[in-house]
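Given the coordinates of chain A, assemble chain B onto it according to the supplied hints.
Respectively, the protein sequence lines represent chains A and B.
Each residue of the first sequence is one higher than the last, beginning at 1 in this note's numbering.
Each residue of the second sequence is one higher than the last, beginning at 1 in this note's numbering.
These are calculated hints, taken from the structure and not from any lab test.
What you were told as hints is all true, and nothing was included just to trick you.
Some chain B residues close to chain A (C-beta under 8 Å, calculated; not the full set):
no., residue
1, Val146
2, Val149
3, Met192
4, Leu193
5, Ser194
Under the rule of at most 30 Å between Cα atoms (straight-line distance), these lysine-lysine pairs were calculated in the DSSO-like manner:
no., chain 1, residue 1, chain 2, residue 2
6, B, Lys111, B, Lys78
7, B, Lys99, B, Lys33
8, B, Lys33, B, Lys174
9, B, Lys99, B, Lys111
10, B, Lys174, B, Lys104
11, A, Lys20, B, Lys259
12, B, Lys259, B, Lys188
13, B, Lys188, A, Lys20
14, B, Lys11, A, Lys20
15, A, Lys44, B, Lys11
16, B, Lys104, B, Lys30
17, B, Lys30, B, Lys218
18, B, Lys174, A, Lys20
19, B, Lys82, B, Lys218
20, B, Lys174, B, Lys82
Don't be surprised by glycine CBs; every beta carbon is placed ideally from N, CA and C.
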Amino acid sequence: MSLLDYFRSTKKSNTAATAKERLQIIVAHQRSQRGDPDYLPLMKQEIIEVIRKYVHVDEDQVSVALDQNDDNLSVLELNITLPER
Amino acid sequence: MAQIIVVTSGKGGVGKTTSSAAIATGLALKGHKTVVIDFDIGLRNLDLIMGCERRVVYDFVNVINGEANLNQALIKDKRCDKLFVLPASQTRDKDALTKEGVGKVLEDLSKDFDYILCDSPAGIETGAMMALYFADTAIVTTNPEVSSVRDSDRILGMLQSRSRRAEQSLEPVKEYLLLTRYAPTRVKTGEMLSVEDVQEILAIPLLGVIPESQSVLKASNSGVPVIVDQQSDAGQAYADAVARLLGEDVPLRFVAEEKKGLLKRIFGS
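Isolated chain A (complex conformation) (with noise of 0.2 Å):
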């Protein structure tokens, strides 16, 4: 490492830092997923590409969770903003 290098290495920038954000987010991501069915990414699409038939949505505007309220009863919650007329 050469004198020169030496004041560059202060410049740059910290890529730790980056990593370190870019996985919060997406292990916040995976872990709202922990526990899906693998079934239903694909439900999903499905349910997207039914609605599509009859009227213009964007992905990002349904919305499916699934939610597991205790043992026996578990919630599938679509959510779905229709397009204004």
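Chain B alone, transformed into the frame defined by chain A:
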């Protein structure tokens, strides 16, 4: 009853087999009768790291299929008489492992051993799921690097939903973080995630930090678990991790930058 420990990670190449070999040897050297099982069916490597590759006759799948008994398949370590290796099969595919088969072998081993270490293959396929299913304790081997940390988090999710303890609503699997290939100098310059960063993201207790070390390659070259080399930093760090696993309170080492003397600064290390 033996304690079943899985060494897992999700991502490949982070040091699962190195860590399994080191920790198993460390436990045995401390007087606990230990067996380490290679779950990487088709790609066995633990035998090489343990230096017993030429003594493999029967393997894990032979035992599951009843083609050999445990005594025939277990390989006694040359260095430590409390340590045994159960090698993976080199020929069969991963589906040779069944829950019933693996469960039966672990149950039989439980009668005889204090610790059973399961060296998991990478990924989340059958082999990896079988390795973690019966675990009481999980050592999640992680490199301070984005893909490894993310995969470790995935594996933590599996431990909490797909393990035997999760399925039977027993006390959850004890999870520990083992951070490997750590380079304090790069952490200091902001090029590498720090121990604190990784711990904050994964939120599990820390078992140890193994520094990036040339001794690891030297150890695998010669088929001697790195923990045997107590002159090396990695060997000492693994010994600390084993002590913590046994409930001892040992301060962290090798997490700060090594101070270089004037001569080292001039001539390099």
